[in-house]
Each structure stands twice: as structure tokens, then as C-alpha cells.
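S.K.: Residues per chain, in single letters:
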Amino acid sequence: MVRLITHNLLACHVKGCTSNNFPLKFQDVQIELQEADFNPDMITNLLPRLEWGALVDAARLVGDTSLPPEQPEMMDDDLLRKLHHVLLEIHVVEGVMICPNCSHSYPISNGIPNMLLAEHEIG
Amino acid sequence: MSRPEFQAPPEILLNIPPGDPAILLDIGCGSGLSGEILDEEGYIWAGCRYCPKYAWWVALEREVEGDLFLQDVGQGFGFRPGSFDGAISISVLQWLLNAETSHPTSSPPHRLNRFFTTLHSALRNPSRAIFQFYPTSDDQIQLITSIAQKAGFGGGIVVDYPNSNKARKVFLCLFVGGGGGGQQQQLPMGLAGDGDEHARFENRREKERKRDRSGKRKAVKDKDWILKKKELYRQRGKEGVPRDSKYTARKRKPAF
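Top to bottom, those sequences are chains A and B.
Under this note's numbering, the residues of the first sequence are numbered -19 to 103, in order.
Under this note's numbering, the residues of the second sequence are numbered 3 to 258, in order.
Take the hints with a grain of salt, since some may be wrong.
[Said to hold, decoys possible] Not close to chain A: a few residues of chain B, all C-beta gaps over 12 Å, as computed:
id, residue
1, PHE71
2, GLN73
3, ASP87
4, LEU193
5, GLU241
[Stated by the list, open to error] Computed spacing ranges between beta-carbons, pair by pair:
id, chain 1, residue 1, chain 2, residue 2, range
6, A, HIS100, B, ALA169, 26 to 32 Å
7, A, PRO48, B, GLY179, 45 to 51 Å
8, A, ASN90, B, GLN144, 38 to 44 Å
9, A, GLN10, B, ALA169, 27 to 33 Å
No lab work stands behind these hints, which were simulated from the structure alone.
In this text the structure is predicted, and so the values were computed from the model without any measurement.
Just so it is clear, CB atoms sit at the ideal spot from N, CA and C, and this is done for glycine as well.
Same shape as in the complex, but just chain B (with noise of 0.2 Å):
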């Protein structure tokens, strides 16, 4: 089970002034940590969750004071308009790729979609949808921005490291109406390792398209790798072993 990671108390990132009183929205509140920072916080929320024997574990061991709900939120919030302040989401919006029947709801768009929808109408205009998730592609990236965009919501990508293996993590950072950060919609900066990777919608569109995507990695059987191989299997005694030239370790032309 990962646990929340926040970079900065939930105030900053949800651009609610410090002390004014919200109510909010976990979504996918887990264990009941990010609950606990809420609760610290002094802010109402309320919290959904998909696993029944889980759910009700966080009631009682945590003692949280948000109200939890078991949810699949693929399937779309029911709350009245304008709702909450702002959202919080943790290690969640990757499940909403899955999908665990072949029933048309099922696909992730429509997941997805339903999801974003019924979400930006639950948010009170201005605020802000903070989610940290864990995408494995561009591809699921792009789904999920343009998803989002098409049900009403600004903002973006920002990445914390990212270029750190170990410390990288993924956050969308969505607005509804201007994100209470007065006229100019501000996402957050990303923390840097060198660089970070902060952008909206279009440029990270722009930044895909650049990126050589058909680059290989370094290959691992590189010269010296061979060379070394073939020294190897000579003191082993193996019979065979070609003799080392100019044409040792070339790339040859793909046979198939």
C-alpha cells in the first residue's frame, strides 16, 4: 500500500487560504492516511473507497472523522453541484484504466468520462482536483488529460524528479473556472531534479510529439561485451570461437 506523499500541506496545492474552513473530496482514500492529514487540517471531507473489507477496517482503525463511502468512482459521484472545495487523489486514477468486464461502462473512457463529469460538477467553481497517480505510458497520460479537458476542467501535468527513477511521481492538477488563483490558472511547480516538466495540455501534446519515442536504449550487447564474451569462451577452451576483426560486433542488416 503506498503512502500519501504530499510535497505540501493540502491547503497549498488546492490554493484554499490557509484556515478557511472546506469541505473535501478523497477519492480513493485507502488507508485512511490522507484522511488523517485531512482531519489534522480541520477540514470536512468525505472519502471514497472500492473494497468493501477495507473500508470498513479505516472506519475503525483509523478513527477518521471523514465520512467514507465504498464506490467504485468509475461509475460517477451522485453529489449536488458545487459539493466540495476541492479534491484530493491518491494512487487512484490508474484503476480507472482497467477494465474488469467487457460491459460497454466498463472501458476505461467511459470510466473515465463518467468519472471527470460527474466529478467537475461536484466541485464548487473556483477550486481545484489534485491527483497523484502512477501512469505506466504517455499514451495513458494523454487519455487521461484529454478525458478531463472534454468534461470542463484546466490545468495539467506536473511531474516531482523526473528524472529520478526512485522519486518521480505523476500528479494531474485540474481547475474548475479559474482554480482560485485569481485570473491566471497556476499549476504548481514541479519539484526538480534537473528540470522539471511543468505544462498544460497543449505543450505537453507538442513536448510527446518531439520526444523520440523509437529510441532504443543503450544496447546491453554492445563491443566490448562481445569481445569480452569471446575471450571468454577462447580460455574456456571452447572450440570455434571466431577470430576478432574489423567486422567483430557490427551491426548487421535485419534478416527478417
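Extracted from the complex, chain A is given alone in its bound form (with noise of 0.2 Å):
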């Protein structure tokens, strides 16, 4: 399954694709909740490595709209909790990921992404 935890990590690395390969955009996607245990240590540990604009978009995508769309100063343990929702319960099953700036596209098929490239791709 995608998280959008791991989506939030992940941009293009076909060869030259070095600018405005992240996020990658989600296409045709099937989602399935799952619940994980909350452990707010975890939830706030992560927040300096989100890019949280790209988290609002992806999650907006796959129609959750629980979080604001700047990062807040402060984050009270309700917040913590709608991150805790969006970055690992939601799990994205099926559909595609396209970078932004060379197309490329990684399909997802039970939930595992295809991140193979074609040999003219390879850096």
C-alpha cells in the first residue's frame, strides 16, 4: 500500500528529471482506509521532513480536506490526529503516479508501486 507518509518522500528519478519532479501526481486512484496505532511522538517527529503542501494536495486528491492548508505553528493533539489519518491510514491501492516535469508514469497494482525504468531512463 501507498501512505501518503511514502508519498510525500517520493519524486522522479528518471535520468535528468532533477527539477519539479515532486510531488507526483496521483491519478485514477482506489483508496482503502486502515487504522494504525496514533503515536503522537511519531506524527510530531515527522513533521519537519513533510513538504506539507504536497501532502494537503495529495490528500485533498483522495478526498480527505481535514487538514489546513498552511502548516500551523502549533499543532494540538486534534491536529496531530487528522495527520496521523491522512499520513498512514490512508492507503492507496490502485491508480498512477506522474511526475510533473517528465511524465513518467508509475502505476500502482495491489498496492505495490512499479518503479522500473525503461533502460533509456536509468541515470
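Both chains are given apart, each in its own frame, so use the hints to dock them into the complex.
M.R.: Structure below.
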């Protein structure tokens, strides 16, 4: 399953694709919700490495609008829980991720994204 | 399928304070056994595996919580800089030494270089990557460590039970920055059978130079063996068995 936390870390690694290669755009996605244990320390620890804008956009695309568009200075428990849900409990099962720069498609099937590149795309 | 054999829990190998939340990368997560350990320890992790059929099986049968990718790591990773707090890899590195096609990007040095440079970028500073793998020669170890070094990693090779054929395990321990172990990079100590072989890159090279690679193993056909064989032939009644003398089993000058 591709969780939104992982998607938030993913960029395109095609040869020469080094700018505007993040975030990968979701398309035709099917999602599943799976509960995960809430660990506020874990979520707080993740905050500095998140790209908030990309996360909010991805969440909106899969139907979740619980997060504010700007990363807040202070995170209360309620917001941490919402973030936990968006990051760890939404799983993309089917769909495609498309690079905004080179348009390479990474298909997702059975929850597993195919990151394999063709020979000419290897850096 | 080899079982992952952690000699210690992941957090010790990766120098992550126990209980600290972390995102980890499992390279070559295979059957998901290592993933289960990561799940149990409460880490968020992503894993990659190069076998479409198997990856699907892993996701369904093992119900691991980590996100799995179908990926050939010799093509490099596509993660944002500093994404992961550590990386582990069991029994994968030797696969990067295979060239599956004749395309230049398929050559082992190219693949290793792509792998280590993108991995270095994907790891936080400081952090560690630990690989347990099966090198078939010192040349392979040398190639891997030199490319890892060029990619910016510190660290070295640690061998557990170096003198045991069965228990011997080779680990590559790589550091980004200081490796999170304070100012001094500390390689984990190899488990000793007798004497460990933990060495940094420079020491490793020196040791290899000193080691006598041309030394032959003890010859199977030594004098005792030859004498026994001749006696056997005589008993069997074979004709023309030379008599034993002081020249029997003497080493001859190579004819060619």
C-alpha cells in the first residue's frame, strides 16, 4: 500500500529529471482506509520532513480535506490525529503516479507501485 | 530464501535511540521477514523488492505495515533528500554485481554508483545504512566499498565469526555524516570466533595487500596419499607400480 507519508517522500528518478520532479501526481486512484496505532511522538517527529503543500494536495485528491492549507506553528492533539490519519491510514491501492516534469508514469497495482525504469531512463 | 539474521535489534545497528520514532528503508525486503521486525519495533518503513510476483505475495501474506515498492535499486532511488533515518538490507548487495544486459547502465560499477549516490541523498544526516550481504571475493568487497566511499559514505566492513564457514556473515556499515554515534565514527564490533575483522576502508586495503592471495591450499595429494595409493595398486595386482624411494612424491618442476 502506498501511504501518503511515503508519497510525500517520493520524487521521480528518471535520468535527468531533477527539478520539478516532486510531488508525483496521483491519478485514477482507489484507496483503502486501514487503522494504525496513533503515536503522537512519531507524528511530531515527522513534521520537519513533510512537504505540507504536497501532502494537503494529495489528501484532497483522495477525498480528505481535514488538513489546513498552511502548516500550523502549533500542533494540538486534534490536529496531530488528523495528520496521523492522512499520513498513515490512507492507502492507495490502485492508480498511477505521474511526474510533473517528465510525465513518467509509475503505476500502482495491488498496492505496489512499479518504480522500474526503461533502459534509456536510467541515470 | 535466506532468513534475515539480525545479531541485534535494528535500533542498535542503526544507532537509533530505542523508542525514538524513525522512518526506515528496507532494501530488498524480500519475504517480509525483516519488515515484520521493523513493524514490531514500531518503525514506519518503506521497502523495495525486485520481483513482481513475490512482492505481491509479500503484501498479502505477511500483512506487513510498510509500503512496498517494486524497484530495481541499481536504477537508483527517487526519494527526497533526507527522507530516511536509516536503511537496512539483507542479502541484496551482491545482486548489484550482476549485469543483466550489455547496456552501459547495466554494468555493476554503474549500478553500484547509482545505488549509493541516490541512497546517500535519501538518508538523513546523521544516519546509517547496514547491509548484510554475500560477497564471493575480496574484489567484490573492494569494489563495493570504494564506490560507497566515493558516494560520500563513511564506515567499513564488519565480519561476524570470520573464521567459521557456516556462521560467517559480512556486513557493510555505512555512515552519513558522523553516523549519529557522536563525533567518532564507531563501527559495530564483529562477533568473534577468534579475532574479529572490523576495519575501515584504509585498513581493509592494507590487510588485503598483506594477505597472501597466491598461497595454495594444502594439497590433497600429499606424500601419504601417494604412498597409500601405490600400496593399493600393488595389492590389487597392478603391474608396473614404481618402487618407493626417496624421490617418491617429490615436487617436480612444472613442465609447462
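S.K.: Could you run down the list of hints and mark each one as holding or not?
M.R.: Verification of the hints:
| no. | hint | verdict |
| --- | --- | --- |
| 1 | PHE71 | 5 Å, violated |
| 2 | GLN73 | 4 Å, violated |
| 3 | ASP87 | 9 Å, violated |
| 4 | LEU193 | 32 Å, holds |
| 5 | GLU241 | 66 Å, holds |
| 6 | A:HIS100 / B:ALA169: 26 to 32 Å | 44 Å, violated |
| 7 | A:PRO48 / B:GLY179: 45 to 51 Å | 34 Å, violated |
| 8 | A:ASN90 / B:GLN144: 38 to 44 Å | 40 Å, holds |
| 9 | A:GLN10 / B:ALA169: 27 to 33 Å | 47 Å, violated |
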